[in-house]
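One-letter residues, chain by chain:
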Amino acid sequence: MTDVSREERCGLLAEAEPDELRALAEQCLADGADVRVLVGPEVGFVTAQVREPVAAERFLLGDVLTCRAEVELAGHRGWAMRLGDDRAAALAAAVLDAEAEAARPHAADVAELCARVARRRQEREAAEWAELAPTVVEFEELT
Amino acid sequence: MGYSGARGGLEAILAAEDLVRRARDHAPAPWAPTEQITARFRLAVDRVLGEAGLYHEDTSAAALRQAEGDPLEAAHLVRAHRSTLPRLAVSEPVDPDEMVVLRRIVPAFREPDGPQLLGRTTDYTGRLLEQPAGPPPRQSRTPATPPDRTETQRRPGRFLDLLRKLDLVVDHRRADDPEPFDITRKPARPPAERSAALASMARAETGALVALWYRSILGPDGDIHEVTLGEVRHGRLPLRVRHPHTGNPVRVGEFRVTEAEAIEDLDGADEDRSRFDVGYGLCFGHNERKAIAMANLDVANRRFGRTGPLEQLLLLTTDGLDSAGFLEHLKLPHYVTFRSMVERKQAMRAAGEADEGPRVAEPAGQECR
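Heads up: the sequence lines are chains H and E, in that order.
Basically the numbering used here = 1-based index in the first sequence + 1.
Basically the numbering used here = 1-based index in the second sequence + 24.
It is worth saying that the hints were derived from the structure and are not from the lab.
Take the hints with a grain of salt, since some may be wrong.
What the hints assert, rightly or not - Calculated cross-link-like contacts (lysine to any residue; reagent style SDA-like; alpha-carbon spacing at most 25 Å):
#1 E:K210 <-> H:A57
#2 E:K210 <-> H:R52
#3 E:K210 <-> H:T48
#4 E:K189 <-> H:P54
#5 E:K189 <-> H:R52
#6 E:K210 <-> H:G45
#7 E:K210 <-> H:F140
#8 E:K189 <-> E:E175
#9 E:K189 <-> H:E139
#10 E:K189 <-> H:A56
#11 E:K210 <-> H:A56
#12 E:K189 <-> H:R59
#13 E:K189 <-> H:F140
#14 E:K189 <-> E:P136
#15 E:K210 <-> H:R59
#16 E:K369 <-> E:P357
All chains should be built: construct the whole structure from the sequences, respecting the hints.
What follows is the structure in structure tokens.
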């Protein structure tokens, strides 16, 4: 998975485990690259806006806790937003985004991490379906 | 403490607070970690995050622990916490049709598009109390590997769309796209846009919404006369925001919701009696009672919200923080308030005993001197 779009990469980094983000970010920064924190990491919320199906009207369902960060690494900006309040994980994800944008030495590792996250998502959904599928029901109709 | 007409008591207040903390945090029982609460009390956690209006399971669990299991108090704590946080973005409009279902039932129709998926439920289980001394033995049942999940199984067709295909439902779809009302910035007051009512119900106290739903069926207003559910779903929806550099949507995660569609049989003189109307309910987490009540009340509010008290009741009386906050404040010292009431009674009695007769208000328009 080397040709994911920027948005796909951010989405996958948003799902990665904090430990794997931090470990890879440390490797990225180990060469002493010039890094600047531009935003945060900042905990806040994203307001979930829904377009309901009856009248196609938008309404605000509520807020989702999120954390975002933005960095500049070797002249390239990296951005991340994740659910929850793990500041270190958001900062690490932003570093990885910048590493990939700058095509620096660990860009391939970032792509590999994204591929791993995507595989895990598929495996998790398959395991979930294995649990759910036996609960599919067809009630009989009494006539 | 500071309150109108009373002050002081700081030492006793601190001692009372300390009593709560010691009994709660150092009870002779193992500490309940956050993951214990989210795993074993998920419905309570979901209720709190829904009523607080902030989706984050761990925050909700921490609040429940701090509130000693009181969901309303926990929602209060989470809302207070939320008020300290910045709004980082408003999401791209979420399309509920994107929901990956964990549970989906269509009570109105046996063979809808896609499966009837019971999922995790005790709807069909007898209510027999279990009191095990420890964890029950693990069931050895290993699920067989099913064929890959099809797209219809992941995202089944909506029952409302089936009704539309059959031309059996009134079409409310709007051509315009008004900005949604933000109840966190401005209180919703009648007459309000539908987006304000939906947002208010999504964050309402579950019991208050269910009580209002039941009142609408059995109470004096009779705003709901047919109670048929189109469908009920629990599942995950994607949260997307605009990427600040590319301007394209980015999926930053998923959140779980419960969704309901309620069908109402139109019978009014000015209504299209050859069709049904559909109401919509959606709330954070797994809370089917709330979503179902909301869906029924949505359609009732459309029909009767302005001709009776329903809209006012929905907007002004279902928020848990509003109602419980007002109720709880009654426990604060009201010495001055009550003393003035006593003094008024005594003054009236004294006036009566002096044979002055009852005090009568001056007629309107008379000049006061």
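Results for each hint:
1. Of the supplied pair hints, the one linking K210 of chain E and A57 of chain H holds, its CA atoms being roughly 23 Å apart against a limit of 25 Å.
2. Simply put, K210 of chain E and R52 of chain H have alpha-carbon atoms about 21 Å apart, close enough for the 25 Å limit, and the pair holds.
3. Using a Cα cut-off of 25 Å, the hinted pair K210 of chain E and T48 of chain H holds, with the two alpha carbons roughly 15 Å apart.
4. For the hint linking K189 of chain E to P54 of chain H, the alpha-carbon distance of about 14 Å falls within 25 Å, and the restraint holds.
5. Among the hinted pairs, K189 of chain E with R52 of chain H is consistent with the structure: their alpha-carbon atoms are about 20 Å apart, no more than 25 Å.
6. Restraint check for K210 of chain E and G45 of chain H: satisfied, since their Cα atoms lie roughly 20 Å apart, inside the 25 Å limit.
7. Distance hint between K210 of chain E and F140 of chain H is unfulfilled; the C-alpha atoms sit about 46 Å from each other, more than 25 Å.
8. Annotation: proposed proximity of K189 of chain E to E175 of chain E holds, straight-line Cα distance about 20 Å (limit 25 Å).
9. Distance check on the hinted pair: K189 of chain E and E139 of chain H sit about 23 Å apart at the alpha-carbon level, within 25 Å; holds.
10. Distance hint between K189 of chain E and A56 of chain H is fulfilled; the C-alpha atoms sit about 16 Å from each other, no more than 25 Å.
11. Proposed proximity of K210 of chain E and A56 of chain H is supported: the alpha carbons are some 23 Å apart, at most 25 Å.
12. Under the criterion of a C-alpha separation no larger than 25 Å, the hint pairing K189 of chain E with R59 of chain H is consistent with the structure, at around 23 Å.
13. A distance of roughly 24 Å separates the Cα atoms of K189 of chain E and F140 of chain H; the hinted pair therefore holds under the 25 Å criterion.
14. Distance check on the hinted pair: K189 of chain E and P136 of chain E sit about 12 Å apart at the alpha-carbon level, within 25 Å; holds.
15. At roughly 17 Å between alpha-carbon atoms, K210 of chain E and R59 of chain H fall within 25 Å of each other, so this suggested pair holds.
16. The straight-line distance between the Cα atoms of K369 of chain E and P357 of chain E is roughly 20 Å, inside the 25 Å bound, and the hint therefore holds.
Violation of the numbered hints given earlier is confined to hint 7; every other hint is satisfied by the structure.
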